[in-house]
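Take the sequences, apply the hints, and build the full model.
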Amino acid sequence: MQIWPGRPYPLGATYDGAGANFALFSEVAERVELCLISDSGQETRVDLVETDAYVHHAYLPGIQPGQRYGYRVHGPYDPASGHRCNPAKLLVDPYAKALEGQIDGDESLFSYRFGSPERFNRRNSRGHTMLSVVVNPFFDWGTDRRPDREYNDSVIYEAHVKGLTRLHPEVPEELRGTYAGVAHPVMIEHLKKLGITAIELMPVHQFVQDPTLVEKGLSNYWGYNTIGFFAPHNAYSATGQRGQQVQEFKAMVRALHEADIEVILDVVYNHTAEGNHLGPTLGFRGIDNAAYYRLVDEDKRFYYDTTGTGNTLLMRHPHVLQLIMDSLRYWVLDMHVDGFRFDLASSLARQFHEVDRLSAFFDLVQQDPVVSQVKLIAEPWDLGDGGYQVGNFPPLWTEWNGRYRDSVRDFWRGEPGTLGDFASRLVGSSDLYEHSGRKPIASVNFVTAHDGFTMRDLVSYNEKHNQANGEDNHDGESHNRSWNSGVEGPTDDPAVVALRERRHRNFLVTLLLSQGVPMVAHGDEIARTQHGNNNVYCQDNETSWMHWDLDEPRQALLAFARRVVRLRSEHPVFRRRRFFAGESTAGGDEIADIAWFTPSGEHMTDGAWGAGGTTLMVFLNGEGIPEPGRRGEPVVDDSFLIAFNAGSEPTKFTIPDEVYGDGWTLELDTSDDAVGTASMYEEAVPLLPGLEFDATDHSVVVLRRPRSR
1 MQIWPGRPYP LGATYDGAGA NFALFSEVAE RVELCLISDS GQETRVDLVE TDAYVHHAYL
61 PGIQPGQRYG YRVHGPYDPA SGHRCNPAKL LVDPYAKALE GQIDGDESLF SYRFGSPERF
121 NRRNSRGHTM LSVVVNPFFD WGTDRRPDRE YNDSVIYEAH VKGLTRLHPE VPEELRGTYA
181 GVAHPVMIEH LKKLGITAIE LMPVHQFVQD PTLVEKGLSN YWGYNTIGFF APHNAYSATG
241 QRGQQVQEFK AMVRALHEAD IEVILDVVYN HTAEGNHLGP TLGFRGIDNA AYYRLVDEDK
301 RFYYDTTGTG NTLLMRHPHV LQLIMDSLRY WVLDMHVDGF RFDLASSLAR QFHEVDRLSA
361 FFDLVQQDPV VSQVKLIAEP WDLGDGGYQV GNFPPLWTEW NGRYRDSVRD FWRGEPGTLG
421 DFASRLVGSS DLYEHSGRKP IASVNFVTAH DGFTMRDLVS YNEKHNQANG EDNHDGESHN
481 RSWNSGVEGP TDDPAVVALR ERRHRNFLVT LLLSQGVPMV AHGDEIARTQ HGNNNVYCQD
541 NETSWMHWDL DEPRQALLAF ARRVVRLRSE HPVFRRRRFF AGESTAGGDE IADIAWFTPS
601 GEHMTDGAWG AGGTTLMVFL NGEGIPEPGR RGEPVVDDSF LIAFNAGSEP TKFTIPDEVY
661 GDGWTLELDT SDDAVGTASM YEEAVPLLPG LEFDATDHSV VVLRRPRSR
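Taking our numbering, I'd label the letters of the sequence shown as residues 1 to 709.
Don't read these hints as lab results, they were simulated from the structure. Fair warning: there could be bad hints in the mix.
What the hints assert, rightly or not - Dumping the calculated SDA-like pairs for lysine to any residue here, alpha-carbon to alpha-carbon at most 20 angstroms:
| no. | residue 1 | residue 2 |
| --- | --- | --- |
| 1 | 250 | 144 |
| 2 | 300 | 83 |
| 3 | 300 | 79 |
| 4 | 193 | 261 |
| 5 | 250 | 14 |
| 6 | 193 | 153 |
| 7 | 652 | 608 |
| 8 | 652 | 609 |
| 9 | 250 | 66 |
| 10 | 192 | 546 |
| 11 | 300 | 82 |
| 12 | 193 | 254 |
| 13 | 216 | 543 |
| 14 | 193 | 553 |
| 15 | 193 | 558 |
| 16 | 250 | 240 |
| 17 | 250 | 261 |
| 18 | 192 | 568 |
| 19 | 216 | 468 |
| 20 | 652 | 687 |
| 21 | 652 | 672 |
| 22 | 193 | 258 |
| 23 | 652 | 414 |
| 24 | 216 | 470 |
| 25 | 652 | 697 |
| 26 | 300 | 120 |
| 27 | 652 | 602 |
| 28 | 250 | 197 |
| 29 | 192 | 145 |
| 30 | 192 | 556 |
| 31 | 300 | 118 |
| 32 | 193 | 550 |
| 33 | 216 | 475 |
| 34 | 250 | 139 |
| 35 | 300 | 290 |
| 36 | 193 | 546 |
| 37 | 250 | 326 |
| 38 | 193 | 568 |
Structural data, given as structure tokens:
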């Protein structure tokens with residue numbers, strides 16, 4: 001075998017058409033062996049003798065895509081000093097573009113003997129671990145271009161690659177639960193008809209199955225257990241694991257782009273799948289443990305953990321920062337994705353102990369000409385001290401607004417004293433974002449997400465029901481801010497069923513007509529249920545998968561969801577780029593851009609806000625939008641009155657005086673089961689100022705006034 005010196009950059013295995021360059025960073029390594037694995041399982045070891053700035057490298061002519069490989073790193077095994085090298089372990093390349101197989105939990109994967117953590121384990125892990133794969137980087141993207149949609153025009157759909165299509169009867173069986181399944185025309189048609197503009201995929205970076213879950217007959221379904229930050233998860237590939245997953249992923253992105261749908265990835269850069277000091281040695285730990293992980297200063301045998309997973313990446317180490325930035329750029333430039341949602345993003349801001357919005361990671365993202373130009377969404381919390389950082393991320397970022405979720409849930413379950421907070425969330429959470437010069441688009445609004453109840457379970461259960469997870473129902477959030485509408489779980493009571501349908505529609509209307517960026521959790525448009533399980537991270541089965549056999553009520557809910565998304569997309573007053581001023585828009589001569597009313601049609605006073613009520617009406621002035629359109633044209637829209645009744649009794653609302661409009665027509669009423677199936681209000685008699693209209697208990701009524709010019 002010919003072995004040429006090669007180059008230290010780029011890291012990983014890079015195929016150029018004639019061979020492959022291999023490069024691995026390790027500051028602590030005394031010797032690095034590249035291990036080539038043949039189809040028969042034979043291992044050929046190649047010493048990487050060339051080293052530049054702690055990068056060990058070589059070029060091997062003749063290496064082809066599909067070649068499997070790993071590394072063995074010789075160096076100190078001294079946990080007290082933070083070093084855990086063990087050449088008996090075949091290690092995953094941190095920069096591998098594809099991985100084959102899965103770990104099996106064998107004792108050889110660990111650097112200690114089971115039952116005796118102090119005993120060094122020299123057993124070879126080959127045959128029990130995952131193998132890195134050389135990939136073909138070339139792909140025919142054709143005329144692919146990113147949709148390049150602004151945040152305020154976005155409707156995000158959070159989805160799981162497998163769960164989305166695993167039970168879809170119109171997707172060919174061999175494609176269900178795969179990247180190709182997501183790209184299937186019937187799936188894209190559903191997304192297009194729903195009106196979403198971006199699909200946010202739960203983790204697709206290669207992740208590890210936790211052997212303890214597998215032993216229980218469960219699995220890591222969600223995928224927040226990354227081992228390969230460049231590799232598409234191989235189990236989601238319909239075509240193979242020797243690089244085919246890369247091509248299939250790219251084809252999925254291309255198909256979604258053709259449908260004008262953006263692709264956003266949920267990424268987990270805060271920790272890896274190697275766990276705590278008793279976890280397996282799969283890659284990073286055996287390559288350079290002290291460089292990749294945050295260790296406890298007083299005792300480097302242990303890991304400083306702000307993620308609840310056993311370890312946290314060391315965000316002040318230059319090679320960790322390089323790894324993350326290289327990964328982000330790879331997914332944008334090579335895989336053509338349109339943005340990222342960062343799991344437990346507060347951990348990324350911890351250079352030392354505190355969360356620091358001026359940390360090196362944010363600086364690198366801000367100045368990067370590639371990464372800074374895509375959508376960046378933070379989950380603005382972690383499990384460490386001071387980790388809840390909603391509203392505190394830098395201006396370039398948007399955030400999952402946990403305050404929005406909590407306030408909206410509390411309001412619609414009738415929690416007293418929530419009216420003012422609910423109103424703030426409805427109009428973009430200026431109290432969280434305006435002080436730092438940010439706009440409503442800084443808030444990604446959501447009522448439900450993968451973690452917690454589905455929207456249907458939110459109106460059907462008071463308590464979590466996680467017995468199937470094997471943890472005696474102790475896992476998952478216990479304070480869900482939910483209300484079961486009178487009966488816990490399934491029921492045939494027609495009054496309870498009708499109330500649940502109405503409350504489900506309330507959540508959809510509130511979410512989709514709020515200022516900011518709405519995110520719908522997959523299946524909420526068709527009443528997906530997890531039967532009260534609010535932590536299906538380990539349920540890779542019909543509990544978590546979407547069911548596509550839609551009865552009449554589920555079809556009606558889907559039609560309603562489509563109608564509300566369309567209402568948002570057709571009316572810029574619901575997706576403003578700037579916060580409402582709440583005052584005259586033209587020197588006192590015109591009405592305010594927003595006004596709040598009691599059910600009697602009177603302006604809300606301080607006393608009314610503090611009275612603990614459950615009813616509210618808001619006026620949105622479509623003719624007072626202060627920003628121009630994308631082409632500089634003035635934005636003029638219809639105006640809307642929205643009445644919210646979270647109380648248990650019907651309420652009469654009075655149309656405000658004529659200065660706000662001389663005639664209103666009914667656009668939506670969540671108490672009407674047929675609201676999503678027909679344009680039944682177009683011929684309705686206009687409601688005049690001073691007239692009353694009814695809002696059923698637990699309902700929303702939306703009225704519209706056509707623009708005057």
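Going down the list of hints, with the structure as the test:
1. In summary, the hint linking residue 250 to residue 144 is supported, as the alpha carbons are separated by about 11 angstroms, within the 20 angstroms threshold.
2. For the hint pairing residue 300 with residue 83, the CA-to-CA distance comes to about 9 angstroms; that is within 20 angstroms, so the pair holds.
3. For the proposed pair residue 300 and residue 79, the alpha carbon gap of about 7 angstroms is at most 20 angstroms, so the pair holds.
4. Proximity of residue 193 to residue 261 is assessed by CA-CA distance (about 12 angstroms); at most 20 angstroms being required, the pair is judged to hold.
5. With a C-alpha separation of about 18 angstroms, the suggested pairing of residue 250 with residue 14 holds against the 20 angstroms cut-off.
6. Using a Cα cut-off of 20 angstroms, the hinted pair residue 193 and residue 153 holds, with the two alpha carbons roughly 16 angstroms apart.
7. About 17 angstroms separates the Cα atoms of residue 652 and residue 608, which keeps this hinted pair within 20 angstroms; it holds.
8. For the hint pairing residue 652 with residue 609, the CA-to-CA distance comes to about 19 angstroms; that is within 20 angstroms, so the pair holds.
9. The straight-line distance between the Cα atoms of residue 250 and residue 66 is roughly 17 angstroms, inside the 20 angstroms bound, and the hint therefore holds.
10. Between residue 192 and residue 546 the alpha-carbon distance is near 17 angstroms, which keeps this suggested pair within the 20 angstroms criterion.
11. For the given pair, residue 300 sits about 5 angstroms from residue 82 by alpha-carbon distance, which is consistent with the 20 angstroms threshold.
12. Annotation: proposed proximity of residue 193 to residue 254 holds, straight-line Cα distance about 19 angstroms (limit 20 angstroms).
13. At roughly 16 angstroms between alpha-carbon atoms, residue 216 and residue 543 fall within 20 angstroms of each other, so this suggested pair holds.
14. Taking the CA atoms of residue 193 and residue 553, the gap is about 18 angstroms. The hint holds against a cut of 20 angstroms.
15. Between residue 193 and residue 558, the direct Cα distance comes to roughly 10 angstroms. Compliance with the 20 angstroms bound is thereby established for this hinted pair.
16. Between residue 250 and residue 240 the alpha-carbon distance is near 14 angstroms, which keeps this suggested pair within the 20 angstroms criterion.
17. Straight-line distance between C-alpha atoms of residue 250 and residue 261 comes to about 14 angstroms, which keeps the hinted pair within the 20 angstroms bound.
18. Only pairs whose Cα atoms come within 20 angstroms are accepted, and residue 192 paired with residue 568 is accepted, the gap being roughly 15 angstroms.
19. With a CA separation close to 10 angstroms, the supplied pair residue 216 and residue 468 stays within the 20 angstroms bound.
20. Between residue 652 and residue 687 the CA atoms are separated by roughly 13 angstroms; this keeps the pair inside 20 angstroms, and the hint holds.
21. A C-alpha spacing of about 16 angstroms is found between residue 652 and residue 672, which places the hinted pair at or below 20 angstroms, so the restraint holds.
22. The suggested pairing of residue 193 with residue 258 holds, with an alpha-carbon distance near 15 angstroms, which does not exceed 20 angstroms.
23. Between residue 652 and residue 414, the direct Cα distance comes to roughly 18 angstroms. Compliance with the 20 angstroms bound is thereby established for this hinted pair.
24. Proximity of residue 216 to residue 470 is assessed by CA-CA distance (about 8 angstroms); at most 20 angstroms being required, the pair is judged to hold.
25. The suggested pairing of residue 652 with residue 697 holds, with an alpha-carbon distance near 10 angstroms, which does not exceed 20 angstroms.
26. A threshold of 20 angstroms between alpha carbons decides the hint, and for residue 300 with residue 120 the separation of about 17 angstroms falls inside it, so the pair holds.
27. Restraint check: the Cα-Cα separation between residue 652 and residue 602 comes to about 13 angstroms, which is no more than 20 angstroms; the hinted pair holds.
28. Among the hinted pairs, residue 250 with residue 197 is consistent with the structure: their alpha-carbon atoms are about 18 angstroms apart, no more than 20 angstroms.
29. Proposed proximity of residue 192 and residue 145 is supported: the alpha carbons are some 18 angstroms apart, at most 20 angstroms.
30. At roughly 17 angstroms between alpha-carbon atoms, residue 192 and residue 556 fall within 20 angstroms of each other, so this suggested pair holds.
31. Between residue 300 and residue 118 the CA atoms are separated by roughly 15 angstroms; this keeps the pair inside 20 angstroms, and the hint holds.
32. Taking the CA atoms of residue 193 and residue 550, the gap is near 16 angstroms; set against the 20 angstroms cutoff, the hint holds.
33. Taking the CA atoms of residue 216 and residue 475, the gap is near 15 angstroms; set against the 20 angstroms cutoff, the hint holds.
34. In summary, the hint linking residue 250 to residue 139 is supported, as the alpha carbons are separated by about 8 angstroms, within the 20 angstroms threshold.
35. Our distance criterion of 20 angstroms between C-alpha atoms is met by residue 300 and residue 290, whose separation comes to about 8 angstroms.
36. Note on residue 193 and residue 546: the hinted pairing holds, with a Cα-Cα distance of about 17 angstroms set against a maximum of 20 angstroms.
37. Proximity of residue 250 to residue 326 is assessed by CA-CA distance (about 18 angstroms); at most 20 angstroms being required, the pair is judged to hold.
38. Annotation: proposed proximity of residue 193 to residue 568 holds, straight-line Cα distance about 14 angstroms (limit 20 angstroms).
In this structure, none of the earlier numbered hints is contradicted; all agree with it.
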